[in-house]
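Engineer: Residue-level listing of the chains:
There are 2 protein chains.
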Amino acid sequence: MLITRTTRALGLFSSTIKSTSYSSFSRLAPFGQTYTRTLSTTTQATIPSYTVNKDRLWNTIHETAQWGATPDGGIRRLALTDTDKAVREWFVSTTQSLGCTVKVDEMGSLFATRAGISTSLPPIGIGSHLDTQPAGGRYDGILGVQAGIEILRVLEENGHQTYAPLAVIDWTNEEGARFNTGMVSSGVWSGRYALDYAHALPAAEDKTKKATLKSELERIGFLGSVPASYQANPLSAHFELHIEQGPVLEDEGKMVGVVTGVQSMGWLIVTVHGKNQHSGTCPMARRACALTSAARMISRVEEIALAADGLSTVGVINSWPQSPATVPHKVVFSVDLSHHSTEVRERMIAETSAEFGRIAQANKCTVEIEDIWNSPAVQFHEDCISCVREAARNAAGEDNVKEMMAGAGHDSVHTSDRCPTSMVFVPSKGGISHHPDEYSSPEQCALGAQVLLESVLRYDDQLKKAAL
Amino acid sequence: MLITRTTRALGLFSSTIKSTSYSSFSRLAPFGQTYTRTLSTTTQATIPSYTVNKDRLWNTIHETAQWGATPDGGIRRLALTDTDKAVREWFVSTTQSLGCTVKVDEMGSLFATRAGISTSLPPIGIGSHLDTQPAGGRYDGILGVQAGIEILRVLEENGHQTYAPLAVIDWTNEEGARFNTGMVSSGVWSGRYALDYAHALPAAEDKTKKATLKSELERIGFLGSVPASYQANPLSAHFELHIEQGPVLEDEGKMVGVVTGVQSMGWLIVTVHGKNQHSGTCPMARRACALTSAARMISRVEEIALAADGLSTVGVINSWPQSPATVPHKVVFSVDLSHHSTEVRERMIAETSAEFGRIAQANKCTVEIEDIWNSPAVQFHEDCISCVREAARNAAGEDNVKEMMAGAGHDSVHTSDRCPTSMVFVPSKGGISHHPDEYSSPEQCALGAQVLLESVLRYDDQLKKAAL
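Residue numbers (my numbering), protein chains in the order written: chain A, 1 to 468; chain B, 1 to 468.
You may find that some hints are simply not true.
A pair counts as met if it fits within one copy or between any two copies, since identical chains are not told apart.
[Said to hold, decoys possible] No farther apart than 25 Å at their CA atoms in a straight line, the calculated lysine-lysine pairs in the DSS-like style are these:
(1) K402 <-> K429
(2) K85 <-> K210
(3) K364 <-> K429
(4) K429 <-> K330
(5) K429 <-> K275
(6) K54 <-> K429
(7) K214 <-> K103
(8) K103 <-> K85
Source of the hints: derived by calculation from the structure; they are not laboratory data.
Since the structure is predicted, the reported quantities are computational estimates derived from the model, not experimental observations.
Next comes chain A alone, as it looks inside the complex (with noise of 0.2 Å):
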């Protein structure tokens, strides 16, 4: 048996990943919770009680839905497209004409600043994403950075100006599905990517290759001067607004999730290797089957995953030399392991590789296990969840809101590095998403965006105390 960890290009699932995830091979080092502030929480809020406008914020989902909707009722609004592009210039006018200044930073991520009482304090992010998967829904994302502009609705109708200032986020290309990395822009922001990197990846639909995100910025008109760069266009916090992209809140029939961190996560490649013989003639105890062995190690991967209280997925498997009256030589499938803390899921890829070993030894067969990609547990920062955490209790009652980690990654994941930030989650029908039957109601919708609203009030409130 052979366990590497290695950060190998994914050549064989090139065409098929969607990507939501960075990859190891393009960090910058250093990264990590590196800022240091923490705020008082013992302080008693005095935030104002402005309520969103639930029909508002849902007219406006849909209205925007306009640029690149599709027949069954989703969105397909690739990063950098010309549908993105119409959106874009959407957010930028609809922000100016709210008073705010918007920043395109050379990832093309739009900053929509809305001045505050403070002239020093960076603002307080509220960022998601309006770029969609292939066959995506009009919820993922597109819900943060709406509630963010009805935040701004909320804000300029009742006249109130923060003490910090605030910054509506789009970060570009959060899905990976066009540029194959997701998260790429909070990343490249957070320093975790080099700018280098970022701008030299090729557009997955084309096979030339000449087509890059950073030509695709320019064709649209969205390459930005603003540095790409926490250091040089920094935030106090990060706020998100996100549909749970899973059906937990549903099932347990709460109305908000207090998003705590996001879990640790990461992907094995497993390589069988087996023997290829004649389906009809050769004995089944002579065999070395590289998918019968395959098959004892998707059965026992699960039972790890189960005992340990996490998550296990084979969502890629395939078999050479596939004839179906030859027993297969080799047997190729991906492992995706999840789990709250990083230490439990490092044990469960120990104990997946000891067992892998095992069955392909008792099978004839020999494995190889490369560890091409893994994300640590994050933890959000305290003052960020406990604003979250009271206007959700606050918004919905207690019992309505569950503490809950993020099981996918979001931009966050990369602001989280370098300024407090925490998450705010809305039921999801049927735990359903990229896809086009994504469905929030306009009342979890509009809740969500209370909680935002809320959340970001409380922090203003706090960073202004500590100012003062």
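Here the structure of chain A is known, so what remains is to put chain B in place on it, guided by the hints.
Structural biologist: For chain B alone, kept in the frame of chain A given last:
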């Protein structure tokens, strides 16, 4: 659960199937063992004791390997290519020089007939094939034809005229590698396939589908006028020497296999339907993972085959949508099941279907099972088997002979429908075939040819005694 017995085109695997099998959809009715002749087996055999020339046979095998020889020691001689044309021309001139009359039938099969004393009996066939798999070896099929030519040489040098004529046969496209129906020419001869169906088979490498079996026969000058029919061009019997293509003789230390028939075999295509879910956010208990189900099915069918003393192989598996971060909604895999008994194989299919349904349901999935090809067990004719048995015992000693069923298809399956048939097996090193490493030693090849010679002479002796 849906179980269908269909004849669907093998679209999914069409580019990858290495078929040595026939498809039920092209069968012509009626077929089956329709002849009634049975010879007395109690008559004392009085056959001459000629000996094949080991070195001459070995040299012929390896000299003719020039047509299609590959650097790794194998042969690539796809049916009706220029290399096949070359070896056919050699076959014709060699057998003619040995006094044979060569008939070419409408399928391009070559019948090199050596006259017997009787002018009314059809010839005793000694047949196999000279085509190979794309990366084939030097013995599969070839040994059977070259042993036939060695027999002609032995009889010629001993001035022996058999009672019945003999026909050394090169059956066209046995491998089915270039024209994707294996054993197709013996199948047309036996009436199992229509001539038009066989003629229209496209060459696998020709994307335009213009090159067909018939056009390629014309191109290389081997489209004969003799009807490809057991009625117009009958045989008294058919004997075939072949490498085992399995490790049983080698493992058991036996020198010759007396082949009593061909096991029942066939393919299921299994489609498991689950649900696309997010690997990071969907709890394990909520999942309907098509691959988790499939892995259990693959382990279960192996248990079923082991318990029934049969064989099961899952050679092809693929998942959809091939995303490591998505619980797959669909998995398709093949199941090859074989057993000496048609009835037991039917029970294996029934149990497999029931278990797959149960497993799918337990995992919130559904399953479709298509029985796309099945071939009942073939029992060879006792007259021919007894000739091979006596010849083998005489040549190798009783302790070195094993009676066995063939695990793979051969032209003898089809001839067995229309005339008494049996086969001789010799060991394959490591059970390897369809591979350049395929090997049987000079001694093993010669012993097989010796048994083939004596089998034919014994059968001829019986025909003579029955006629007199």
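Engineer: Next step is simple, just say for each hint if it's right about the structure.
Structural biologist: Checked hints:
no., hint, verdict
1, K402 <-> K429, "within (17 Å within a copy, 65 Å between copies)"
2, K85 <-> K210, "within (19 Å within a copy, 48 Å between copies)"
3, K364 <-> K429, "between (46 Å within a copy, 19 Å between copies)"
4, K429 <-> K330, "between (39 Å within a copy, 22 Å between copies)"
5, K429 <-> K275, "between (46 Å within a copy, 15 Å between copies)"
6, K54 <-> K429, "within (18 Å within a copy, 76 Å between copies)"
7, K214 <-> K103, "within (17 Å within a copy, 71 Å between copies)"
8, K103 <-> K85, "within (15 Å within a copy, 74 Å between copies)"
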